[in-house]
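> Heads up: the protein sequence lines correspond to chains A and B, in order. For the first sequence, numbering that gives the first Met the number 0 begins at 0 and goes up steadily by one. For the second sequence, numbering that gives the first Met the number 0 begins at 0 and goes up steadily by one.
Errors might be hidden in some of the hints.
[Said to hold, decoys possible] Footprint (simulated), chain B over chain A, 3 or more residues, beta carbon under 8 Å:
#1 46-56
#2 116-122
#3 257-265
#4 326-336
#5 339-351
What the hints contain is simulated information worked out from the structure, not anything from laboratory work. Everything numeric in this text was worked out from a predicted model, so none of it was measured. Think of the CB as a built atom: it goes at the ideal place given N, C-alpha and C, for glycine as much as any other residue.
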Amino acid sequence: MNFEAFRKVEQSAFYALVAVIGLMVLIGLGAAHYMEEHGHVVTGMSNQIVWGMPHVFAIFLIVAASGVLNVASIGSVFGKTVYKARAPLSGLLALAMLAGGLTVLMLDLGRPDRLIVAMTHFNFKSIFALNVILYTGFFAIVAVYIWTMMERRMNVYTKYAGFSAFIWRLALTTATGSIFGFLVARQAYASAMLAPMFIIMSFAFGLAVFIIVQHVMYRWNGRTLDEAIKRRLKNLLAIFIGAVFYFTLVYHLTNMYFAKQVAFERFILLDGGVYTNLFWFGQILLGTIAPLAILFHPGLSKRCGWIVTAAMLVILGGFAQLYVLLIGGQAFPLSIFPGMEVSSSFFDGRINPYSPSLPEFLLGFGGIAIAALLTVIAVRVLHFMPEDDFSQVGKHTLTD
Amino acid sequence: MSNDVDNSRRKFIAAGVAGTAGLVLAPGVTLLDMANARPAGEAASSTKRWGMLIDSTKCATGCNDCVSACGKENGVASTGHPETDPQWIRKIELKEVKSGKSHSLPMMCQHCAEPPCVDVCPTGASFKRADGIVLVDRHICIGCRYCMMACPYKARSFVHEAHEDQNPDVPRGKGCVESCTLCVHRIDKDQQPACVEACSEGNHGAMLFGDLNDPNSEISKRIATYATTQVRADLALNTGVRYQGI
Chain A
0 MNFEAFRKVE QSAFYALVAV IGLMVLIGLG AAHYMEEHGH VVTGMSNQIV WGMPHVFAIF
60 LIVAASGVLN VASIGSVFGK TVYKARAPLS GLLALAMLAG GLTVLMLDLG RPDRLIVAMT
120 HFNFKSIFAL NVILYTGFFA IVAVYIWTMM ERRMNVYTKY AGFSAFIWRL ALTTATGSIF
180 GFLVARQAYA SAMLAPMFII MSFAFGLAVF IIVQHVMYRW NGRTLDEAIK RRLKNLLAIF
240 IGAVFYFTLV YHLTNMYFAK QVAFERFILL DGGVYTNLFW FGQILLGTIA PLAILFHPGL
300 SKRCGWIVTA AMLVILGGFA QLYVLLIGGQ AFPLSIFPGM EVSSSFFDGR INPYSPSLPE
360 FLLGFGGIAI AALLTVIAVR VLHFMPEDDF SQVGKHTLTD
Chain B
0 MSNDVDNSRR KFIAAGVAGT AGLVLAPGVT LLDMANARPA GEAASSTKRW GMLIDSTKCA
60 TGCNDCVSAC GKENGVASTG HPETDPQWIR KIELKEVKSG KSHSLPMMCQ HCAEPPCVDV
120 CPTGASFKRA DGIVLVDRHI CIGCRYCMMA CPYKARSFVH EAHEDQNPDV PRGKGCVESC
180 TLCVHRIDKD QQPACVEACS EGNHGAMLFG DLNDPNSEIS KRIATYATTQ VRADLALNTG
240 VRYQGI
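Isolated chain A (complex conformation):
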């Protein structure tokens, strides 16, 4: 369908889109209700794999939420005009994805009805409690940030709000990575590497989401993205993919160097079945090599469709990476008695199986749908479409 034809049915298309996404949200909420009603026994989770598929979705959304704000930060904090035009959309996506991720996390609790307890009882030594404060603060700061951008009188404060949001998002992703980094007993975690690794993962996942959403918005409105801007964003994405790969490499090299970690590395990299496959084929091949090949290919990297494909591959690779880290990290047994073979009725010493159940997937997709619904409606009613004022942007600033 050409754009003129689409224009005529645009209104109906919008409502159809909202209806489809709304239905996904409802299905996700229904799945959560089913899990709460019957208990987690209806999920694939167990006393061995205590965090399952909903956590993979929730953590992806939360990490990507902080990362997508990067686009705004480059504009407001580092003064790049091209990114300034994209800052409101970047802020909106950050809020929407955080809302989706937190909803999934909250609905996967054993007692989601006790949300008020989580908001009123704080153990300040817990990085989880700190995260509750950081998430809430993120909503407030980014909301103010968007307001300073969209309300002309407040524009003078944008730089300050943007700087606060930038610092806050770094703290937030540090804390998200530290949820795992602070787990002293598990071999996959207990590493200061995880905090900066989560930050760089957020840059990649967030930018990938931004590129896709921006592409859809431009297509929907029959507009074309400027070549130079397209080139900048795709180059930035390639740098982030490379940085995530570097952190992954150092993480595994460090583990391989420690004798006590060798068995765990063997499990993830060689014998781990689904985890090994997801690592090599999901994260490395699909999530790293393939998008890099596209983004650096002289022909393909100029085509919007291929850049969006690369961004989608980054997201797929991100899910694979989080699945390996979260589920693979729990599947490998705790080393309670190092140097001894152990067995028990509680599955000590065994690789723990996990098959995610349908409700877990539905809840996860429900979270994505919440983020999508908030975005679609906000973009409709408020002015989030990036508007490039090329009279303000010297063409020289658009060259790489």
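We have chain A already, so just place chain B on it with the hints.
For chain B alone, coordinates are given in the frame of chain A:
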């Protein structure tokens, strides 16, 4: 004849008096006994640190007395879903990879002085009582399961489904995390944990319970005399449960 009647009457009166005296005195004796326990309403004291010493050389492979006693005392029963069924205490079979020497021992919450589960709990539901017992406040546990991720001993279980027939002393709820309470409800009545009692009644003598802060307690004397081990001592958690023979 009259003598016989008198005798039987005297016996009756004596039995009656003894019985009445018993009925009158018994509650008093019980009260005296209970008076040794901590009165209700009085906070647990940090002058005590409850702990346990497990001698794995006396713990036989296949013996499950402690596990059964715990299940009965705390109402922890199998539901036929082994992967999601809570286990407060379990028997672990160990084999040294090099020498092939094997051990059997019970593993449960180690009641650490520096419990990682308490550190990570966002709401403070995981807490350590003044006398060293690590517990979950089921009123404010939100079921996030972060403590399960943090525990180095796999001591905690998540209640995956609703449970009937609970022990009134040990309320349990779907959606919360739970673990060995060291039978806190029994300790507060000056009794031993059910697992220790069962091990002793079975004449195994592999489990010793007592106050680690009291240098004259049997457990402190044994720890001062024999080489004992804290599991994952490298983590420096200062566990309340110690092992001998591994």
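> Evaluate each hint against the coordinates.
Results for each hint:
For a cut-off of 8 Å, the count of residues in the region 46-56 of chain A with a CB near a CB of chain B stands at 4, and the three-residue condition holds. With a threshold of 8 Å between beta carbons, the proposed coverage of the region 116-122 of chain A by chain B holds, since 5 of its residues qualify and at least three are required. Only when three residues or more bring their CB closer than 8 Å to a CB of chain B does the claim for the region 257-265 of chain A stand; here the count is 0, and the claim is violated. Counting residues of the region 326-336 of chain A whose CB falls under 8 Å from any CB of chain B gives 4; the rule of at least 3 is met.
Counting residues of the region 339-351 of chain A whose beta-carbon sits less than 8 Å from any beta-carbon of chain B gives 9, enough to reach three: the coverage restraint holds.
Checked against the numbered hints given earlier, this structure breaks only hint 3.
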